[in-house]
Amino acid sequence: MTRQSHEAPRQDEYGRGDNEDLAVRTAAATAFAAGARALGLVVLPLFVLNLLLTFGNEWPTLWPRLEWRLSTELAALLVALAIWIGWRGALGQRMLGALAALGSNWVVMHYINVTVPSIFGRRLNAYWDSQHLWAVIKMSVENKAFATALTLIVAGLALALLYAIVRLCMLPLVRAAEHDLTRRLLLFLGLAVCALSVAQPWQPERLRPLLAPPVSALLAEQSRLLVLALSADAQGGGLGPGPVFSGTVDALGGADVLIVFAEAYGAITFDKPDIAEALAPSRAQLAAAIAAGDRHVVSARLVAPTFGGASWLSHASLLAGMDTRDPRNYQQLLASSRPSLVSHFAANGYRSVGWLPGIQRAWPEGAFYAFDRYADAERIGYEGPHFGFWRIPDQASMALIHHQEFGKDFSALPASQQEAGPRHRQPRLVVFPTVTTHAPFRALPPFTADWSRLLGADAYTIDERDAAEGVAVAWSNPTPAYLASMRYQFDWLGGYPR
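For what it's worth, my numbering labels the leading residue of the sequence shown as 185, then goes sequentially.
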């Protein structure tokens, strides 16, 4: 007969039995496995989200470029998620959707943050730049209704896709933060990157590019600029002293003076090797034309107050001798009665002419310059077909200046030997900002050897206009179009009658 054991189950020092201890170990192992599995599931989403918040710009295009950096703001999100879920528990679907929407907007703002400084060579100033946004949009979509509609559709789909990707990546992070192990790891990872960001000012120079520029810094900067622009100080006299503009211009001997602001023609055409090499033949032809006309050149470099946009700041800086890097100073200048080169020449007997084909709408602020003749796109007398958004080719503008203001024709005689109306004609100061070399560098008209043709309605044929309009605008790679517009500029400058 078998004897049954009546021994009680063994217990440990905490009063737990074998079965209970096994259950605890099993639960711990299950929790660890679940946490490890959750951690594995967040590696790819973290990688994708980090890429979306750290890419750079592929200059001179609008395309992003992958950069292997860390996002401080993604790290801050990990810290916030870990703390919130550890305190309040799992996130609901509505909160997840809100986070995904915020994350999508953050990616778009990061794109703006890295693209604007790269393309325009300056930081974004939303207060001032937004005032010209509509004009830029009109320039980009002029006569391209189908392309515009297609662009809007693609942009909408891209934003929807971005939201879906961000939400898909957020979900594993939220789920991982619901497990103790992975929540602690995410918290540690986030705090480590945040600490790296805080210590950045004291880090070696080689380590600083490790962190991507934060969007939060952009928002803080825009808030500061907005407060500054709207503050009472914005209306103050912050211009400082300017040139006196004393003396005379007698040394000119009554010669006509033409100031041409060659749009987009900057130091980059000399300093960037590939652009300099591509333009070298055209530049050499211009130099040869200048020498053949017994003319001379004096060259220098001026530091412009802007780059890639807002060229009116450069115009005002040169004409008035004022620092216009701050758009507020420009606004104050136009509202003032400060002297300028225009008023100085006028005071010395010159007829001042603002030849402004790029002005296509009312510009009351331009009254500051007090031109004797204000010739905008509607008033210069161009009768030929329009080319692109800017409408009036630069060569045609120059032909009209030559005929209307300098009073000369296009005969075979050199300009110096032509009769130019009354012997004591009032000399001219003409200010001419060009437009054909302005972005988007299309539609580009052909150079015309017969300058007299440019004075009438048959300045260009419809076929020439259609051929120019048929060349696509490549915003993703504008360099070829830019080079073509620069060559056109060299052609008409060198071909201007001597």
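There could be a bad hint or two in this list.
[What the hints assert, rightly or not] Each pair of labels, with its calculated beta carbon distance range:
1) THR335 - THR663: 38 to 48 Å
2) ASP364 - VAL232: 38 to 48 Å
3) GLY281 - CYS378: 52 to 62 Å
4) ALA376 - ALA546: 49 to 59 Å
5) PRO664 - ALA404: 15 to 25 Å
6) GLY437 - ARG249: 52 to 62 Å
7) GLY281 - GLY505: 20 to 30 Å
8) ALA435 - ASP478: 39 to 49 Å
9) GLY505 - THR335: 38 to 48 Å
10) ILE452 - ALA274: 45 to 55 Å
11) VAL232 - GLY565: 53 to 63 Å
12) GLY431 - ALA476: 49 to 59 Å
[As the list claims (entries may be wrong)] Below are the SDA-like pairs computed for lysine to any residue, each with C-alpha atoms no more than 25 Å apart in a straight line:
13) LYS456 - ALA435
14) LYS456 - ASN241
15) LYS456 - LYS592
16) LYS592 - LEU502
No lab work stands behind these hints: they were computed from the structure. A virtual CB, placed ideally from N, CA and C, is assigned to each residue, including glycine.
Each hint, compared with the structure:
1. THR335 - THR663: 38 to 48 Å: violated (21 Å)
2. ASP364 - VAL232: 38 to 48 Å: At roughly 25 Å between Cβ atoms, VAL232 and ASP364 fall outside 38 to 48 Å, so the hint is violated.
3. GLY281 - CYS378: 52 to 62 Å: violated (26 Å)
4. ALA376 - ALA546: 49 to 59 Å: Holds, since ALA376 and ALA546 (Cβ atoms, about 57 Å apart) stay within the stated range.
5. PRO664 - ALA404: 15 to 25 Å: violated (38 Å)
6. GLY437 - ARG249: 52 to 62 Å: holds (55 Å)
7. GLY281 - GLY505: 20 to 30 Å: violated (55 Å)
8. ALA435 - ASP478: 39 to 49 Å: violated (19 Å)
9. GLY505 - THR335: 38 to 48 Å: holds (42 Å)
10. ILE452 - ALA274: 45 to 55 Å: holds (54 Å)
11. VAL232 - GLY565: 53 to 63 Å: Distance hint for VAL232, GLY565 holds at roughly 58 Å.
12. GLY431 - ALA476: 49 to 59 Å: For ALA476 against GLY431, whose Cβ atoms are near 34 Å apart, the range 49 to 59 Å is violated.
13. LYS456 - ALA435: Status violated; Cα separation ~38 Å.
14. LYS456 - ASN241: At roughly 18 Å apart (the allowed maximum being 25 Å), ASN241 and LYS456 satisfy the hint.
15. LYS456 - LYS592: violated (39 Å)
16. LYS592 - LEU502: Violated. LYS592 to LEU502 sits at ~28 Å, over the 25 Å cutoff.
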